[in-house]
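Asker: Spelled out from the first residue to the last, the chains are:
There are 2 protein chains.
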Amino acid sequence: LDDLKRIEALMNQAAKAARTNIVASVFQPFEPHGVTGVVVVEESHLSIHTWPEHGYAAVDFFTCGESVPEMAHRVLSEGLKAERAEVIFVDRGMTLNGTSGPSMRMRSHSTEHFAQQALAREIELAHAPQSVHAAANGHSAHNGHNGSSNGASSTVIMAAPRS
Amino acid sequence: LDDLKRIEALMNQAAKAARTNIVASVFQPFEPHGVTGVVVVEESHLSIHTWPEHGYAAVDFFTCGESVPEMAHRVLSEGLKAERAEVIFVDRGMTLNGTSGPSMRMRSHSTEHFAQQALAREIELAHAPQSVHAAANGHSAHNGHNGSSNGASSTVIMAAPRS
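Protein chains in written order, with the numbering used here: chain A, -7 to 155; chain B, -7 to 155.
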């Protein structure tokens, strides 16, 4: 979580896995620890902020159109060897198709536990058009649960329609 | 909402108003309309995606520490002359201080209506440590409600603790 080049590579890999088209990528070290980074894509953006001292990463996937943010989640949670992923989906721009009512909605909030060596310990995830549970199905069990967990990472998926 | 230079200036102004320190700024035109942009700050990031054909902008403020994302919301909603702002606050990284329970929480979801000439029509906003209602108090009534509204814009504020 403190390896800027590794995080940047993972985030760009995640953007490609989500079938988004990368426009720009900005990654910077956090002070005193951690990485902050954004991948701007034609379909919106992916961002990450890490707290290695807490084993925690907060990741947002904001996508629209035909993108598959669940694949970005899979790449990140596998690449960071997350032990736990907390995921929220937030619908955005729900009124763009002419309907009334709220424009935003928290569609789901779930927690995934992975039986793999922990680098990051928790993941949050917010908003996408399909169920995020599909993203967790690809995780295979590795070498058992690491009992020394004391941190968290986080992912957020967001999506909006694109006319 | 289709004026890239204006949107970039507003977002940088918003970042400064929120008392964040700007690290990098990436703005690109959306196809066929609109702007996508991210301001990377030491305290995390601000992002915007606009749909001028719908009078809609989706804005996220992800901040930590002593930042004041409500001020960024004020700058944006005033600068875009929003007619309506839909706002959600999402707490992030709630377990970083050693507490148990969920790491994310939707703290509030509210809608603000502004009596001003509409450029953008709706705002979503997600997550900050203080109440977002403070951000709306600074809006003064202008020249009455624009009856021709048919779109939306959006802002999201998010915040995480910073050790």
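Since the hints were made in silico from the structure, they are not lab data. A portion of the hints provided could be inaccurate.
[Said to hold, decoys possible] Ranges of calculated distance between the beta carbons of each label pair, as one might list FRET restraints:
| no. | chain 1 | residue 1 | chain 2 | residue 2 | range |
| --- | --- | --- | --- | --- | --- |
| 1 | A | Lys(-3) | B | Ala107 | 48 to 58 Å |
| 2 | A | Asp(-6) | B | Ala16 | 12 to 22 Å |
| 3 | B | Ile14 | A | Ser92 | 32 to 42 Å |
| 4 | B | Pro24 | A | Pro24 | 42 to 52 Å |
| 5 | A | Pro24 | B | Glu45 | 39 to 49 Å |
Please read these numbers as outputs of a predicted model, since none were measured by experiment. Cβ atoms here follow ideal geometry from the backbone N, Cα and C, with glycine treated the same way.
Asker: So, for every hint listed, does it hold in this structure?
Answerer: Taking the hints in turn, this is what the structure says about them:
1. A hinted range of 48 to 58 Å for the beta carbons of Lys(-3) (chain A) and Ala107 (chain B) is consistent with their spacing of about 50 Å.
2. The given range of 12 to 22 Å is respected by Asp(-6) (chain A) and Ala16 (chain B), whose C-beta atoms sit roughly 20 Å from each other.
3. The supplied range of 32 to 42 Å is met by Ile14 (chain B) and Ser92 (chain A), whose beta-carbon atoms lie about 38 Å from each other.
4. A beta carbon spacing of about 44 Å between Pro24 (chain B) and Pro24 (chain A) agrees with the range 42 to 52 Å that was offered as a hint.
5. The hinted range of 39 to 49 Å is satisfied by Pro24 (chain A) and Glu45 (chain B), whose Cβ atoms lie roughly 44 Å apart.
When each numbered hint is compared with the structure, no violation occurs for any of them.
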